[in-house]
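Visitor: So the protein lines, in turn, are chains A and B.
The numbering of the first sequence is this note's numbering, which starts it at 1 and goes up by one.
The numbering of the second sequence is this note's numbering, which starts it at 1001 and goes up by one.
These are computed hints drawn from the structure, not numbers from a lab.
Among the hints, a few may not be true.
[What the hints assert, rightly or not] Result set (BS3-like, lysine-lysine): computed pairs, CA atoms no more than 25 Å apart in a straight line: (1) B/K1061 / A/K96; (2) B/K1396 / B/K1177; (3) B/K1121 / B/K1105; (4) B/K1408 / B/K1347; (5) B/K1065 / A/K62; (6) B/K1408 / B/K1430; (7) B/K1061 / A/K46; (8) B/K1065 / A/K96; (9) A/K54 / A/K107; (10) A/K107 / B/K1354; (11) A/K107 / B/K1065; (12) B/K1354 / B/K1434; (13) B/K1044 / B/K1121; (14) A/K46 / B/K1065.
Computed from a predicted structure; not experimentally measured.
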Amino acid sequence: MTIGRGIGFGLVLVLVLGPGRIPAPALTPSPSHLTCLREMGAIQLKAVITVLGKDRPGIIAKIATALYEREVNIDDISQTIMQGLFTMVMIVDLGKLNTNIEELQAKMQEVENELGMQIRVKREEVFTAMHQI
Amino acid sequence: MLTMRQILDTQEMFHEQKLDIRTVTMGISLLDCADGNGSVMAQKIYDKITRVAARLVPVAKEIEKEFGIPIIHKRISVTPIAMLAGASEEDVTLELAHALDRAGKAVGVNFIGGFSALVHKGMTKGDIRLIQALPRALAETEIVCGSVNVATTRAGMNMDAIREMGQVVKECARLTKDRDGIACAKLVIFSNAVEDNPFMAGAFHGPGEADCTINVGVSGPGVVKVALEEVRGKSFDEVAETIKKAAFKVTRMGELVAREASRRLGVSYGIVDLSLAPTPEVGDSVARILEEMGLETCGTHGSTAALAMLNDAVKKGGAMASSHVGGLSGAFIPVSEDEGMIEAVEKGILTLDKLEAMTCVCSVGLDMIAIPGDTTAETISAIIADEAAIGMINNKTTAVRVIPVHGKGVGDYVEFGGLLGRAPIMPVNKASSKLFVERGGRIPAPIHSLRN
């Protein structure tokens, strides 16, 4: 279905959609579009790992080792002390992950118990969907 | 690029402020299951639901785990059963309810909605059969939810159906008197019911819908409440802006889950319902949001204005966050499911009359309200009529879900447990509405229904 719609001074917005409804405002690309992009490598499968707790030696080493073993690359890492708590945020690339995200989460749970810290792994889309338009 | 603050804020919303996806509801059309043979029809219904929804619960759990977004309920809504109930020669409506119950349990959902009839203008054979079967169907099944639409802005109010529904509510209460009238908690009587509502007990899959679709209901009163704590003492301009931003974030999660679920299940993405749905848990209350705006207790003067602004700001924020907003989309004010509302009723500040006034400006109506067991069917019908009139005149959805608790009166409590919560029995007006309800017929559609 092709819809041509004039807006403003002669600017024409043409939306090419699959069979379906006319969306109210088209804010996000369609899921199939996202899948295609991911398969093409244009969008990478990423996750955000947050670590909170009492600072102690070996936190980064333990987490980084677990990630390395699973062929997970660390794209970005930042850490700070907030209200007396060690706080670390990692953005990691799961493109070459040799297990699956559930296994990675289970491993992080293991590290969490060992270190007595709170470690959470979530797909990056959760954060970008909420904070970026 | 995401900042550390944004990432930690999001985590806090999920883990401290109880942000969750309240429900992923799969709407399934059963129109192709109609059959002249009742038993065959029941089997077709069971087969279709278990086939189409087989992967619903596993996929929802997969998304929940992978994205780290809690999805509280996985549910199914189906074509209003009254549309099928008239097809067979013998009356098998009750059997159809049991088929729904079995199918829902087989695929692991916690509620299946759509034991419903749309009778705002008149009743077909199927509608009559369904309404007659409602009390036993809701009493004998566990996860089946029913609803009846008795009024619309375009058609007016079907007062015969409203009179009937007062009796049905009483009968539901009687049949489940040993369980505090739980059947009534699974029955919603609507005005202007929507076809794509993902929330129970009022969900059904309307005739204008696709064969199968995914609708998602978000939650998040806790997120709004915490956001408002940051603007204490500031003007309403800032309050409205803060609510809009919070609602946007909440709805974006719904949009993400809806798209991902529909993609993985290979079914169409219907809508995101951006209602603020409370739970009995502390920190998940709509009443507490109103109190955060400066009201000592929810239900006092100012509550309607506060709720109107909340409801509007939620819609404005949410509408920008999703390409298909639908369902009920407004703040819910159920009593038993909201700890702040319960407390307000206990203090004697929040009354039935004030709740009725509040339903004029929000979704969805008099919801989960326990009333004395000796309330007459005519009074219940009159309560339904009042609420339906609000919906009809204001061109909005309203509903009634009241529980006349057998053997209990004002001052007593009813415990439903879980998400349905607990409720103090609220007093109703003692003066009779009998002669009013007995008139029957139809209240004509309002003049502003003539829009063409």
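Visitor: Which of the numbered hints are not met once you compare them with the structure shown?
Guide: Of the numbered hints given earlier, those the structure breaks are 2, 3, 10 and 13, listed in rising order.
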